[in-house]
Amino acid sequence: MLGEFEYLLITAAATLGEQAYSAAIQREIAAATGTRCSIGALYTTIDRLESKGLLRTWMGEATPTRGGRAKRMVRVTPKGVQAAKDFYDAVAYISRGAVWATKEAG
Amino acid sequence: MHGNWSMVERAAQLLGREERETVLGDLREAGESPWRGVLDIAGLLVRREALLWRNWQPWLAAFGLTLPASFLLMGFSVSVSYSYLHLMTAQSDVLTVVNQAVLLLAWGWTGGYVVGAISSRTLWASLLCCFAPCLFCISRFRAPHLSSPCLLLFLAPAVYGVSCGLRGSRLPTNTSLGVAFVTTLLTAVAINGGLWSMHWLLVWPSCYLAMNAEVACT
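Just so you know, the sequences run in chain order L and Z. Read left to right, the first sequence gives residues 4 to 109 (the working numbering). Read left to right, the second sequence gives residues 8 to 225 (the working numbering).
For the record, the hints were derived by calculation from the structure and aren't laboratory data. Don't be surprised by glycine CBs; every beta carbon is placed ideally from N, CA and C. Honestly, I wouldn't trust all of these hints.
[Claimed, not checked] With beta-carbon atoms standing in for the labels, derived distance ranges:
| # | chain 1 | residue 1 | chain 2 | residue 2 | range |
| --- | --- | --- | --- | --- | --- |
| 1 | L | A104 | Z | L59 | 34 to 44 angstroms |
| 2 | Z | A57 | L | A104 | 34 to 44 angstroms |
| 3 | L | A95 | Z | E25 | 35 to 45 angstroms |
| 4 | Z | F188 | L | A65 | 54 to 64 angstroms |
| 5 | L | F8 | Z | S204 | 46 to 56 angstroms |
| 6 | L | I97 | Z | A49 | 35 to 45 angstroms |
With the sequences and hints as input, model every part of the structure.
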């Protein structure tokens with residue numbers, strides 16, 4: 004079972020598709036949660052997910068906005084997609100009776 | 008501003024080449040301040056180090072082997088030095104000196120090998136656990152006819168063992184079993200001759216070496 008930050012990271016990478024790389028994922032997570040995640044949390048989580056076979060990373064091209072530095076590109080593997088789906092299904096199932104998940108909420 | 012950014016680049020030197028490239032690029036792209044950049048890099052380094060210490064190997068290498076073995080081997084280095092001195096005055100026999108010298112080499116080399124093999128990325132902690140006791144003992148060493156470097160006779164084989172362990176070089180099974188057998192035998196003889204039984208602690212690295220060689224062959 005994924006942790007919540009792992010789920011956020013995989014989902015952000017899946018949403019970004021071909022444009023998924025560390026800084027873009029960091030922006031997506033910040034937009035979703037309202038909190039900036041640290042480089043340390045991001046990189047160590049990417050490493051962990053890659054070692055579990057849920058992500059694949061490689062060095063991308065360098066761009067002028069990055070001071071000519073390369074990107075760490077990220078792609079979600081089929082195993083990663085399945086793990087994220089399992090997590091989402093579990094959250095959706097457990098939330099079905101919660102007031103914040105029903106139309107009457109708020 | 009540019010001057011401050013050089014501080015971030017200096018901190019990033021502690022990262023690997025590819026990771027340095029991507030982390031610096033991410034910080035540039037996000038428009039982070041230099042201080043934020045340094046904090047981010049420090050955070051990444053601390054997290055990486057903390058992950059290493061979630062395994063048992065660094066703890067065993069630093070506090071289960073290096074720290075106690077350093078004290079024992081310093082004591083034994085002094086014993087070897089005295090045996091050698093007594094040999095000069097015919098108060099000790101050649102066999103005793105050779106036995107002790109071989110034992111010192113075996114304990115030092117096998118201990119160093121295991122430390123290098125199981126904790127290559129946390130070697131700094133093991134080195135600290137060796138050098139701190141050495142400095143402590145050297146500063147308090149008072150023995151007639153012996154100088155303080157006699158405490159450190161074990162360091163040469165230990166350092167060589169660490170370099171072999173870091174390279175991951177394996178001994179052939181027969182050689183490893185031979186080293187383990189000889190070390191155990193000589194330890195038993197030495198302890199039977201009055202050596203502190205705590206020195207049995209120094210035998211397990213040679214057994215680890217033998218087991219490791221066997222695993223490599225199966």
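Hint check results:
For L/A104 and Z/L59, the Cβ-Cβ distance of about 40 angstroms falls inside the hinted range of 34 to 44 angstroms, so the restraint holds. The beta-carbon spacing between Z/A57 and L/A104, approximately 36 angstroms, falls within the hinted interval of 34 to 44 angstroms. Evaluation of the 35 to 45 angstroms hint for L/A95 and Z/E25 yields a pass: the beta carbon distance comes to about 38 angstroms. Between Z/F188 and L/A65 the CB atoms are about 57 angstroms apart, so this pair conforms to the stated range of 54 to 64 angstroms.
As the Cβ distance of L/F8 to Z/S204 is approximately 51 angstroms, the hint placing it in 46 to 56 angstroms holds. Distance hint for L/I97 and Z/A49: a CB-CB separation of about 37 angstroms, consistent with the stated range 35 to 45 angstroms.
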